[in-house]
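For the record, the sequence lines run as chains B and R.
If you read the first sequence in my numbering, its first letter stands for residue 1, the second for the next number, and so on.
If you read the second sequence in my numbering, its first letter stands for residue 1, the second for the next number, and so on.
It should be emphasised that the hints constitute simulated quantities derived from the structure, not laboratory data.
Being a predicted model, the structure only gives us computed values, none of them experimental.
We put the beta carbon where it would ideally sit given N, CA and C, even for glycine.
Be aware that one or more of the hints could be misleading.
So, partial list: chain R residues that the calculated Cβ filter (under 8 Å) puts toward chain B [claimed, not checked]:
hint, residue
1, Y11
2, T43
3, I45
4, L47
5, F48
6, T110
7, I129
8, D145
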Amino acid sequence: MILESLLVSAPDWAIDHAPVLIPVVPLIMAAMLALSPSGRLSWILSMVATAASFYFALLTLGTVQSTPGGIIEYWIGNWDVIGIEFRVDALNAMILLLVTGMGFLASIFAWTTIAAEVQKQKISLFLSAFLLCFAGLCGVTATGDAFNLFVFLEISSLSTYALVAMGASRDRRALTSAFDYLIMGTLGASFYIIGVGFLYAATGTLNMNELATQLPALSGNRSVQVGFAFIIVGLGLKAAMWPLHQWLPNAYAYSPSFVTMFLAATATKVALYAMIRWLFTIFNPDFAFEQAIFTFILAPLGIAAMVICSFQAVFQTDVRRMLAYSSVAQVGYIILGISIATTAGVAAGLLHLFNHALMKGALFMAIAGICINYKGTTIRDFAGLGRSAPFTMAAFAIAGLSLIGVPLTAGFISKLQLGYALFDHGWWWAVLLVVFSSFLAVLYVGRILQSIFFMPPANPRKTRKEAPLMLLVPLWILALANIYFGIDANFPAGLARDGAIAALGLEAFP
Amino acid sequence: MWDFILERAGYWAIIGLMMIGLFIAFSSENLIKRLVGLSLFMTTICLFYVTLSKVTGGTAPILLKEDMPYGGAGYTAAAPDAQLVAAGGERFAELVHTYSNPLPHVLMLTAIVVGVATLSVGLALIVRIREAYGSIEADELRAIDIETAIAQEAEAEKDQHEAAA
């Protein structure tokens, strides 16, 4: 396979240091970009950095799959347990591949849309912030240290606030939404770190693996339970878990379209990964209090998200806002999958996480392509675009169908898996709610598609204007991936299953 | 009962400060006041960690002379660092003095840096908000936003009628 030939051809140092090079390369490159005089040069450098991270992520995945046990341990500076560890298993290898892949595709099309939406002298700094955000997300995914996770989380969040605020040149509401995001995001990270403090007080270690070995003996300890609650609320805020999602619709609707695409495809996914890591690897679903949380908190919140936010999405007039609400609903599906706490459930959640990144990435990328040539992102502005920009809109339609879960698309496969997992668990009523929420998705995606393909253009003078080629290529890669993984789902489903097995600490790669 | 409460006086203070910070961050309409609340909240976390690290009777975690390897005198340039590191694990038992746990302090150094960065990004955003809106009161900002949205909607309606006609 491709991975094996990559592993054979890679130099030894690359394989040895791959886990840590994934965040380090973009981190160093970000500092260089801030000094770069030309915007075009920094775009090329940012592409190089994300491509390097993608390459190292592939190497990491290959190494994880070929080592028995499936775990890479990387002690930074050889400090052993007192230092920071990067620990990669099948679960983070999958998320790393997803984040770096989406980051690479995003940086390819970055130039065309940034040049249209960001002032010229700020392009280098903008891309520098993007790379910082990217490095932070990779770091959160790769690290095996609870406090290090907080630092990387804040690196990515702080640069995200700046990136969201850059939308102010088009709509000043970007500033207020960035500020709200800053308040909420910082509170989330602070809650996380309070929780880590409680766990440190109880165990005296910050290493996730050490925590996992010490916690079963302490499961009745009050400070462990309090720490758990703080961590889940903090990460839930970052992941836009249902009642904590208020920052998300505004942040997605007003930030530059490039940022929306990147955030929608990666940021919440990484927070969800961290949540899975804490719920299953560090804490153990066998703890009595965690079972109660799965059944009485996470599952109802997931269901509430997918029903209520789908409803809210139906009544939006702005396309990006509608898709943002739909993102919260999809997070609900993933959380519902996680809350079953079986291998099948977590695997379905992870598969949906992967597919959701593919479809939201494609949808927001198509919108970015529209924003270059046409003004406005309300549904009315999209009228008749099917005729003026057929290639962009065809990809949009494919991803939209995948979002609904039409057979032969990736979204169908993951909803099917989720349904199977729910049935196995005996929650047939939840399957009905999933179907109902998919029906709501038909309504809101249908509203956009109807406007695009069956309405006359609002302004007949609009000429035929496609998105530039640099955007169409990554867009169609994502759109075709949506179809390909809907027909042959072996690759993502295998990744998700291995990831779920690794998360639950069962025997991986026998 | 009173012993239980008074023994944990530090924690009560932390809980109180934290709640005050959280309340300010949520209830104020003025954006700067919200940031003040947020930074109070973050500073209290530092207090929390530092309180955790306190060992009863412990002094600041800087090695005193008696606890240095080779009685302090031997610690010259000649003493290789690698030896210090290798011996680090077993030296807790031989320490003459009690020290507080240094690790939470170090963690909080990082958290302070994060807090400063958050505060500066927040203040920069407020400056931009003031430039764009001319106000930093959240309720006024909402009112301005709604007004503009209604105006834009009306304009779009008008355009559509003109296009239809």
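Status of the hints after comparison with the structure:
no. : hint : in the structure
1   : Y11  : 11 Å, violated
2   : T43  : 10 Å, violated
3   : I45  : 6 Å, holds
4   : L47  : 11 Å, violated
5   : F48  : 6 Å, holds
6   : T110 : 6 Å, holds
7   : I129 : 5 Å, holds
8   : D145 : 6 Å, holds
Checked against the numbered hints listed earlier, the structure breaks hints 1, 2, 4; every other hint is satisfied.
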